[in-house]
Structure formats: C-alpha cells, structure tokens
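Using the sequences and the accompanying hints, generate a full structural model.
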Amino acid sequence: MNALEEEKLIHISALVLKEMQGTLTVEDRRILDSWLNQSERNKEIYRRFQDGQKQRQAYIGLQYFEKQRNFDSLKSKIQFQTKKKTVVVLKRLWPFVAAASVIFTIAGIWYWNKDEGQHMDAQTAMVNDRLPASNQAIITFSDGRQYQLNKDESQVVIDSSGIRYNDGYQVATINAAVSATIETPRGGTYDVTLPDGTTVKLNAGTVLTYPTVFAKDKREVTLTGEAYFEVAKRKDQPFVVRTKNQQVLVLGTHFNINAYETSAATKTTLLEGKVAVRQRLKDRQLTLLPGEQAINNGANFSKRTVNVQQEMAWVYGKFNFDGKSLREVMDELSQWYAIDVVYKGEIPDVAFFGGTFRTSKLSTILKILKDQDLSYQLTDDGKLIIEKK
Amino acid sequence: MKYTSEKELLEDFLKGEEQACAQVYNRYFSRICLYASSFVDETKEAEDIAEEGFIRLWQGKRNFESLAHLKAALYQTTRRVGLNHQTARQRRVNRVDVYAAQQHQDQNSHLQEIVYAEAMAELYDAVQKLPPKAREIIQLTYLEGNSNQEVADLLNINIQTVKNQKMRALSLLRQYLTRDSFNYLLSLIVLFGKF
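As given, the protein sequences belong to chains A and B, one line each in that order.
Residue 389, in my numbering, is where the first sequence stops; the numbers in between run on with no holes.
Residue 584, in my numbering, is where the second sequence stops; the numbers in between run on with no holes.
Calculated from the structure, these hints are not laboratory results.
A hint or two may mislead.
[Claimed, not checked] Straight-line distance between alpha carbons at most 30 Å, and here's what the computed DSS-like set of lysine-lysine pairs gives:
no.	chain 1	residue 1	chain 2	residue 2
1	A	Lys-54	B	Lys-433
2	A	Lys-8	B	Lys-433
3	B	Lys-518	A	Lys-370
4	A	Lys-77	B	Lys-522
5	B	Lys-518	A	Lys-75
6	B	Lys-396	B	Lys-518
7	B	Lys-450	A	Lys-18
8	A	Lys-244	A	Lys-216
9	A	Lys-67	B	Lys-391
10	B	Lys-518	A	Lys-8
11	A	Lys-218	A	Lys-274
12	A	Lys-367	B	Lys-391
13	B	Lys-433	B	Lys-450
14	A	Lys-77	A	Lys-18
15	A	Lys-361	A	Lys-54
16	B	Lys-450	A	Lys-75
17	A	Lys-388	A	Lys-324
18	A	Lys-303	B	Lys-522
19	A	Lys-67	B	Lys-522
20	A	Lys-383	A	Lys-361
21	B	Lys-522	A	Lys-370
22	A	Lys-267	A	Lys-324
23	B	Lys-552	A	Lys-367
24	A	Lys-383	A	Lys-370
25	A	Lys-324	A	Lys-344
26	A	Lys-75	B	Lys-433
27	B	Lys-433	A	Lys-43
28	B	Lys-552	A	Lys-54
29	A	Lys-67	B	Lys-518
30	A	Lys-8	B	Lys-396
31	A	Lys-54	B	Lys-518
Since the model is a prediction, treat every value here as computed from it, not as a measurement.
Below, the structure written as structure tokens:
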C-alpha cells in the first residue's frame with residue numbers, strides 16, 4: 001500500500017511543531033513554505049494553529065475521542081465483520097461548546113512565530129514597530145581612535161597588523177594601541193575573530209575588550225553583555241574571560257557567557273571541552289562539563305545542567321522563551337530591538353513557551369503578549385508600555 | 390504487554406497479533422477521529438469512520454515498512470471510508486456530475502487536514518505524558534486559565550511550588566515534542582524510575 005502523500009503530510013505536521021519551538025532548519029523551512037504556497041487551503045490549516053479557540057477545540061476533541069476509544073468494540077467487529085453494520089447515526093453535538101466557556105486559551109502554551117504580514121490584525125498593524133538587530137558595532141582603540149563598523153559586513157578579523165573585514169577590506173591599523181574595545185549597541189550584533197583565531201559572536205548591547213597582542217602566558221579579554229566563544233586551542237596560553245563578578249579560564253572550547261549589567265546573575269554555559277569558572281568575590285571555583293551552566297549572582301555561585309539548545313538559541317538566530325518569565329523575555333527583547341520596557345502596575349506573573357526567529361519584527365513577537373492577556377503600546381521614542389488587560 | 394520498541398510493535402502487527410493491533414488502535418484512535426471530524430459534522434459519525442478505517446487497515450494487506458508508513462496508510466484508508474460516506478449521502482441530494490467535481494476538490498482538502506490532526510495529537514500526547522503533577526498544573530493554568538495563586542489554593546500548595554512545577558512541565562513538554570513518541574515513552578520510564 002502506497003501512502004506517500006500521507007507520509008509527506010505527517011512530516012509537514014512535524015515541521016509545524018518544530019516551528020512552534022523554533023527549531024526549524026533552513027531546509028525544513030523551505031519544505032514547509034513550499035507546502036504553504038501550494039494552496040490557500042493549506043494556509044488556512046496552518047493559521048488554525050495560531051487560533052486559541054481552534055487549539056482548544058482540538059484539545060477537547062482529542063480528550064473526548066480518547067474516552068470513546070474502546071478496543072473491545074473494534075475486536076468484536078473484526079471477528080464478525082460479515083454482519084451488516086447498522087447505520088443509525090446518533091445526533092451528538094461536539095462537546096466543545098459547553099467546555100469552551102470554562103477553558104482558557106491554550107495559546108499561552110505556545111505562540112506562532114511566522115512573520116506573516118497578511119495575517120497581521122489591525123491592532124498590531126497600527127502600533128509602531130521595530131526591526132530586529134542588525135550588524136552594528138564600534139571599535140575604540142586605547143589611543144582614542146574610533147571606527148564605526150560597516151553595516152553590510154558582519155565579521156571583523158583582528159591580527160598584529162590591524163583590523164579588517166572578513167573579505168579582507170582594511171578597517172584600521174593597530175599603530176601604538178595596546179588594546180581595543182568592540183561594542184555592539186542595543187539592536188546591534190557583530191562577529192570578531194581575535195589575533196589567536198578565537199571567534200567571538202557578540203549579542204546586542206555587548207562590550208568586549210582585548211589586547212592587540214596577547215600576553216605570552218595567557219589570552220585575556222573582558223566582557224559585559226553576552227557572547228559566544230569558540231576558543232582556538234593553545235595548550236600553554238590559556239584563554240581568560242573576565243566579567244564583573246568572575247573569570248572563566250579555558251584551554252580551547254565552545255561556550256557562552258551572559259553577563260549583562262542589568263541581569264541579576266552571570267551565566268556561563270559550556271558546549272564543548274572544559275572550563276573553570278572562578279567567582280571573584282569569594283574566590284570559589286567550579287569546573288563545567290558540556291551541557292552545564294554556572295550561575296553567579298555575586299552571593300550565590302552554583303552550577304546546573306541545562307538545555308543547551310535553549311541557552312544557545314541566540315547563536316542560532318532564535319529566541320527561546322520556554323519557561324521564562326515576562327521580565328526575562330522583555331530583557332532579551334529590549335536588547336535586541338533597542339526598546340525600553342515600562343510596566344504599568346506590578347510586573348505580571350506569566351510564563352512563556354515557544355520560540356521564534358530573531359529576524360522577526362518586534363510586532364510579530366509581541367503577539368505572545370495578547371495571548372497572555374496583556375496589552376502593550378510602543379511609543380515613538382521606543383518605550384514599550386505593558387499593562388495587564 | 391506494552392511494546393517499547395517500534396520494530397517489535399510493527400512486526401507483531403504484521404503477524405496479526407491482537408496485542409499489537411490494540412496498541413496501534415489505542416495510540417491513533419483519537420487523532421484519526423479528529424481527522425475524520427474534519428469531513429463529517431457529527432462526532433459519532435467521525436468515530437464510526439475512524440473505526441472502519443482501522444478495520445480495513447487490519448483486514449487489508451499489512452505490508453508496512455515502518456510505523457510511519459502504517460500511520461500514513463491508516464490516514465489514507467480513513468479518508469477513503471469518509472469519502473464513501475459522503476458520496477453515499479451526496480448521491481441522494483446531488484446530480485452525479487456536480488458531486489464528481491466536488492469530490493475531486495474535497496479529496497485534496499481532506500488530505501491536507503492530516504497536518505492539523507497530527508500536530509494537534511502530538512501536542513496533546515505530549516501534555517498527557519507529563520508526570521501527573523505537572524500535567525495537572527498545565528491543565529489548571531494554561532487550559533483552564535487559573536492564576537498561580539488560584540492553583541496554589543486549589544491544590545493547597547505553596548505558590549512557588551506551582552511556579553516551579555509549571556517551569557518543569559513546560560521544559561518537559563518541549564523535550565517530549567522534539568522526540569518521536571517511542572523515544573519519549575522510553576524517557577518517561579527513565580524519568581519515573583527516578584522518583
């Protein structure tokens with residue numbers, strides 16, 4: 001029995017779930033989009049996943065059918081299949097209607113993350129909007145020279161002769177400068193390759209300071225904000241990242257540090273290799289293995305096992321809001337979209353689930369707030385005012 | 390007996406073992422009903438179509454290469470049963486040429502409904518497979534719209550416990566959704582073993 005078409009559609013359904021979680025690959029997206037573009041009907045089916053009412057109906061429907069499931073009934077029919085089946089169809093209404101009034105929206109569990117201009121409703125379309133972060137950074141040398149990096153480039157390479165873009169185009173020479181600082185503003189991001197070949201991906205609102213020539217016995221840089229490091233292996237010259245309350249010592253590995261001035265704790269997440277995190281205040285040290293995260297809020301210093309995919313979502317161009325509070329979600333958005341978040345009244349206590357692409361416009365992401373019964377307004381000067389409905 | 394390996398379940402299903410048939414039926418019945426309900430208006434009729442779909446699948450040539458193939462075939466059979474139901478009904482009201490044109494259109498749109506039934510069912514299953522406490526919290530908060538404080542009062546537990554449980558439930562849900570059902574069945578065994 002050939003059921004290729006059905007198998008393909010089952011695969012599409014898996015892609016829809018993947019998209020909800022923000023784990024869709026480029027190839028996946030291509031397949032999903034080509035299905036969507038096949039017909040209006042497909043687009044309509046897809047839109048249903050965004051509709052809280054429809055999701056609730058499906059949930060209650062499945063729950064209902066689950067109760068009707070009765071293998072004995074099937075068994076009896078398999079054995080006595082020749083017997084003519086009675087075709088009396090009882091009128092039974094969907095159980096949905098009655099239940100719908102007590103059941104709150106499942107939409108809060110996830111939200112849809114495709115940037116669909118045509119589905120944008122009036123309320124969303126009317127508010128101001130913000131584009132996602134773009135390639136922006138400024139390099140300042142210790143001798144005072146300052147360079148605004150090109151928006152059309154995304155990566156600078158630094159070595160003993162100077163700084164140039166990935167394509168070889170020169171930005172500046174080192175001259176007498178002993179150190180340099182690369183800073184991404186809020187709403188800006190950039191990649192840097194350091195003199196030793198280590199690559200650093202800077203998230204928005206991040207400052208990285210490094211010497212133009214590394215010391216013989218160690219490679220030391222200073223960070224505020226968030227960055228992902230892929231450190232070049234050098235046995236005798238450990239790599240050290242200093243942040244306000246700790247230092248991370250590595251030999252050659254992949255890891256992420258989240259150390260914004262505004263966040264309560266510095267988080268160090270290890271993907272590969274091994275790092276030692278030393279807390280400055282009490283001079284305690286933790287060694288991390290892949291998949292572990294050190295949390296340092298000054299007073300407390302501990303480690304835990306984390307979902308690396310979630311912690312590192314930004315490196316892969318995604319937001320992942322699973323289990324995050326409103327405050328945590330907004331802190332992230334405020335860096336990426338360069339907005340200031342203002343809460344009217346107390347900060348509502350809601351948790352989020354789901355993810356989206358960092359290339360989305362702000363308005364697309366803010367739809368999740370409506371599902372949580374929050375209203376919002378974005379002012380001309382970039383203030384996002386959030387209020388409980 | 391519960392199968393924990395997809396291969397074993399499929400082998401026994403092909404051999405005609407009742408246990409395997411029961412497990413396939415229990416696993417897919419509600420999603421097939423949800424699918425059937427996209428082309429009929431009454432729940433009872435959807436259940437009848439789903440059941441007939443299972444019967445035909447069982448009685449047909451069971452030469453499936455994988456469980457995914459089996460599931461796809463089940464959708465296909467169910468769609469055919471559903472179309473027969475519709476045809477029988479429409480024949481009574483419509484002229485033949487009209488319904489023939491309509492049927493072609495319907496066939497294709499019914500086919501696409503698989504995406505909806507499958508994705509919703511996978512999500513539903515993931516919620517059902519949460520540990521009892523976590524599931525209860527998800528149902529009370531997200532599905533029934535209670536606040537954390539209300540749930541805390543309702544279950545007579547600390548509000549922080551509610552928050553913690555909620556976080557844990559969401560992160561579990563996410564994990565379950567990223568795996569196929571067999572894998573999360575196994576991971577649940579591991580999980581419950583710990584507690």
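Taking the hints in turn, this is what the structure says about them:
Only pairs whose Cα atoms come within 30 Å are accepted, and Lys-54 (chain A) paired with Lys-433 (chain B) is accepted, the gap being roughly 20 Å. As the CA atoms of Lys-8 (chain A) and Lys-433 (chain B) are separated by approximately 28 Å, the hinted pair is consistent with the 30 Å bound. Distance check on the hinted pair: Lys-518 (chain B) and Lys-370 (chain A) sit about 28 Å apart at the alpha-carbon level, within 30 Å; holds. Taken as a hint, the Lys-77 (chain A) and Lys-522 (chain B) pair is broken in the structure, with Cα atoms around 38 Å apart against an allowance of 30 Å.
Proximity of Lys-518 (chain B) to Lys-75 (chain A) is assessed by CA-CA distance (about 26 Å); at most 30 Å being required, the pair is judged to hold. Distance check on the hinted pair: Lys-396 (chain B) and Lys-518 (chain B) sit about 21 Å apart at the alpha-carbon level, within 30 Å; holds. Between Lys-450 (chain B) and Lys-18 (chain A) the CA atoms are separated by roughly 33 Å; this puts the pair beyond 30 Å, and the hint is violated. Restraint check for Lys-244 (chain A) and Lys-216 (chain A): satisfied, since their Cα atoms lie roughly 24 Å apart, inside the 30 Å limit.
Taking the CA atoms of Lys-67 (chain A) and Lys-391 (chain B), the gap is near 20 Å; set against the 30 Å cutoff, the hint holds. Restraint check for Lys-518 (chain B) and Lys-8 (chain A): satisfied, since their Cα atoms lie roughly 26 Å apart, inside the 30 Å limit. A C-alpha spacing of about 17 Å is found between Lys-218 (chain A) and Lys-274 (chain A), which places the hinted pair at or below 30 Å, so the restraint holds. Proposed proximity of Lys-367 (chain A) and Lys-391 (chain B) is contradicted: the alpha carbons are some 42 Å apart, above 30 Å.
At most 30 Å may separate the alpha-carbon atoms for a hinted pair to count; Lys-433 (chain B) and Lys-450 (chain B) meet this at roughly 27 Å. As the CA atoms of Lys-77 (chain A) and Lys-18 (chain A) are separated by approximately 38 Å, the hinted pair breaks the 30 Å bound. Taking the CA atoms of Lys-361 (chain A) and Lys-54 (chain A), the gap is about 25 Å. The hint holds against a cut of 30 Å. At most 30 Å may separate the alpha-carbon atoms for a hinted pair to count; Lys-450 (chain B) and Lys-75 (chain A) meet this at roughly 18 Å.
Restraint check: the Cα-Cα separation between Lys-388 (chain A) and Lys-324 (chain A) comes to about 18 Å, which is no more than 30 Å; the hinted pair holds. Using a Cα cut-off of 30 Å, the hinted pair Lys-303 (chain A) and Lys-522 (chain B) holds, with the two alpha carbons roughly 26 Å apart. In summary, the hint linking Lys-67 (chain A) to Lys-522 (chain B) is supported, as the alpha carbons are separated by about 21 Å, within the 30 Å threshold. For the hint pairing Lys-383 (chain A) with Lys-361 (chain A), the CA-to-CA distance comes to about 16 Å; that is within 30 Å, so the pair holds.
Restraint check for Lys-522 (chain B) and Lys-370 (chain A): satisfied, since their Cα atoms lie roughly 27 Å apart, inside the 30 Å limit. The suggested pairing of Lys-267 (chain A) with Lys-324 (chain A) holds, with an alpha-carbon distance near 15 Å, which does not exceed 30 Å. Only pairs whose Cα atoms come within 30 Å are accepted, and Lys-552 (chain B) paired with Lys-367 (chain A) is accepted, the gap being roughly 23 Å. Taking the CA atoms of Lys-383 (chain A) and Lys-370 (chain A), the gap is near 18 Å; set against the 30 Å cutoff, the hint holds.
Between Lys-324 (chain A) and Lys-344 (chain A) the CA atoms are separated by roughly 20 Å; this keeps the pair inside 30 Å, and the hint holds. Restraint check for Lys-75 (chain A) and Lys-433 (chain B): the C-alpha separation of about 18 Å stays at or below 30 Å, so the hint holds. Distance hint between Lys-433 (chain B) and Lys-43 (chain A) is fulfilled; the C-alpha atoms sit about 28 Å from each other, no more than 30 Å. At most 30 Å may separate the alpha-carbon atoms for a hinted pair to count; Lys-552 (chain B) and Lys-54 (chain A) meet this at roughly 27 Å.
For the hint pairing Lys-67 (chain A) with Lys-518 (chain B), the CA-to-CA distance comes to about 16 Å; that is within 30 Å, so the pair holds. Between Lys-8 (chain A) and Lys-396 (chain B) the CA atoms are separated by roughly 21 Å; this keeps the pair inside 30 Å, and the hint holds. Between the alpha carbons of Lys-54 (chain A) and Lys-518 (chain B) the distance comes to roughly 22 Å, so the proposed pair stays at or under 30 Å and holds.
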